[in-house]
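Undergrad: Each protein sequence line maps, in turn, to chains A and B. Just so it is clear: in the first sequence, position 252 is 252 by the numbering used here, and no numbers are missing. Just add 442 to wherever you are in the second sequence, counting from 1, and you've got the numbering used here.
Please note that a few of the clues may not be correct.
Stated by the list, open to error - Here are the simulated lysine to any residue pairs, SDA-like style, with alpha carbons at most 25 Å apart:
#, chain 1, residue 1, chain 2, residue 2
1, A, K192, A, N18
2, A, K370, B, E562
3, B, K584, A, E133
4, B, K584, A, K192
5, B, K584, A, A60
6, B, K543, A, D377
Hints listed in this document are in silico derivations from the structure and should not be mistaken for laboratory results. Quantities reported herein were computed from a predicted structural model and do not represent experimental measurements.
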Amino acid sequence: MALTQDQKIVTRRVGRPNSWTLQAYLDDGGYQGLRKALTMTPEEITQEVLTSNILGRGGAGFEAGKKWSMMRKAKPAYLVVNGDESEPATFKDHMLVENDPHQLVEGALICAFATGADKAFLYVRGEFALGIERVQQAVNEAYAYGAIGQNIFDSGWSIDVVVHMGAGAYICGEETALLESLEGKRGFPRIKPPYFPAAIGLYGAPTIVNNVETVSNLPWIITNGGAAFAALGAGRSTGTRIFSLSGCVNRPGNYEVEMVKTTFRDLIYGEEYGGGIRDGGELKAFVPGGASSPWFGPQHLDLPLGQDEVAQAEGVLPGGGGSMLGSGSIVVMDDKTCMVRAAWRLARFFARESCGQCTPCREGTGWLDKIMRRIEDGAGRMEDIDLLVDVSDNIAPGLSFPYPMTTICFLGPSSPMPIVSAIQMFRSEFEQHVELGRCPHS
Amino acid sequence: MARLSAPNVERARSTIALYPHARSALIPLLHLAQEQDGWVDEAAMQHIAELLEITPAEVLGTASFYDMIFTEPVGKHLVSVCTNIACLLNGGVELLEHAEKTLGVRAGGTTADGEFTLEEVECIALCGDAPCLAVNWRFRGKVTPSAFDTLVDDLRAGRLAEEIPPHGTLCRVRRDTTKTSESPA
C-alpha cells in the first residue's frame, strides 16, 4: 500500500509551497528533532539510530549507527554529508537538497552532535546550482535562528556548518574520493585499509561520511524514536526509502515507499507509482539499483525492495549472486529497447568516469566501451562477445555478486555489470548486431 | 590575463577562512574564478596558487580532474545535454542531435558568436523528467525539439537573464558572515 503524504518520512514536505524555507519547515515541526537531541547524550542518540537500523542510502547500504559507533575518539573530528549524487538515474538527493534543505541541515546537526564532530561540511554536487543555493540559504537561516553557531538553542553546544560545492566527477561520490576532493585534490579514492573514514578521514581526522537521504531521516528518527522507524519494513531493511524510477514507464519519478513491503512490480506497475510500461509495451529488463548493479528481468519483478532480499536473489551473473538496491534507482527497459545500446551507454559512462588509478578499471573500461561501440555500430565480430566477457572477468574475476575486488574502489568491478548482464540475458541480440552489420533497432 | 578582482580576493579570503586547511578552498576558488571570467585561465590559476600557498601545477592538477572547470574559453551559455541511460530511453540522443543542428556546432563546440557551448554530459539527476538538459546548470526537463529552439531564442534575446546567470555563477546566495563565528577546528 502506498504511503499517505503524512506517513512519509523524508519526502513529506516535497511539493508544498516554499518547502525549502525556514518558516515552512518550522510550521511543520522543524528543528524539534535537534531540540530533543540536544537533551540527550550522544550515546543515546547513537543508540536510537542503531535501533532504527537505518542502512546508508548512498549505495553501499552500511548501517549508519554502526558507522557512527566506529568513530575514533580524537580531536578534531568532522562530519561530511555526501550530496554528490551522480549514479546514473539516481535523482533523489537532488530533490531533497532543492526541496527540503532544512531537513538535511537539521539531520546533519543531529549527526554532528552524536558523533562529536567539530565541524560539518555539506558537500553538494556542483551541478546542483539551485540545490546549492537552497542549502546555503537554509544554512544562513539556521544560523540566524540559532540552530547553527555558538551555544545552539542555549545547549552550550556549538558548531559551524560549511556548504561545499563539487565540480563534476562521478567518482567523488565514493566517500574517500569525496574527502580527497574536499581537501582540494583530484578525486582519487584512497587505498584501503583504513576502510572507514571514521578512523582516518578528512585531513586524517576521524570523519563520518553519510549520504543526504540517510541524514535527512535523522530528524524523524530522533523525534519519533528508532523503534518507530524499525517498525516499518522488515528484516535488515527498515523504514522507508526513496526509489528513483525512470526509463520506459508511464510515470517516472521519486517514490518513497516502505521497504520490503513493496516489490519491484508494485513500483513499476502500481497505479500510484510508475503506472506500467509506456505505450502498452512489455518489460524486457530493469536496472534494480543504479548503473553499477547487475540487471534483473521479468522473473525478478516480485522481489521485495529489501537490501538482503535483492542481494540474495538468484540473479543473472555467470558467477552467481543477486544484485543490489544500491543508490535506489530503477531503470525500466521495454521491448523496444536495444540492449546493446543501453549497455554500451553505461559502459561509456564508466570509461569516462574511471579516475585512472587502477589498471583493470582504467584499461578495462576503455576497452569495454570501444568493443561495445563497434558492435552497436555494426562493425563487431562474433568473437567480440566472448572478448567482452573475458575483459569483464579481468576487471571483476568470477563475475559474481558481491563483486570481487581488483581495484581500490567499486567503480572498477561495477563497470562490466551492465554488459555481462545484457550478454547473459540477451546474447542473441549481440549476435544479431554482428550478423546484420548494424543495430536492428536503428 | 585575469587575476581575481579586489572584491573577489576578499571573497576568496573569507572562503579560505571557512576551512581548517586552506587547500580545501581550491575548488570553491576555481568556481569563483569561473564566475568572474566564465573560465579559468593561467593567470587565475597563478593567483589562486598564491592565495592558497600551493603551486600553480597543483591548481591545474586539481582543475583538470573536474568536468565543470574549464581551462579554455566557454560560451556565455553552457548547454549540457544528458544522454545517459534514462535520457537515452527518452530521446536524449535525438535531443542532442537536434541541439547540434539548431546551434550549428557539434557537442564540445562553441558557436562563432561565443553565445553557446554545447556539451554532452553524463546523468544530471533529473531522470524523472527525461530528456533533460542544463543551461549554466539551471535544469530543464522534458525538453522537446521545439522547446529547445524556444529556449535558445529566449537565451539569445536575453529573456532568461534573471533565471539563468552567465556561465560560472553557481551559488548566488552568499554565506551570511554576520551570524557566523568561524573558528577553524
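Undergrad: State the violated hints by number, sorted upward, taking the hints as numbered earlier in the document.
TA: 1, 4, 5
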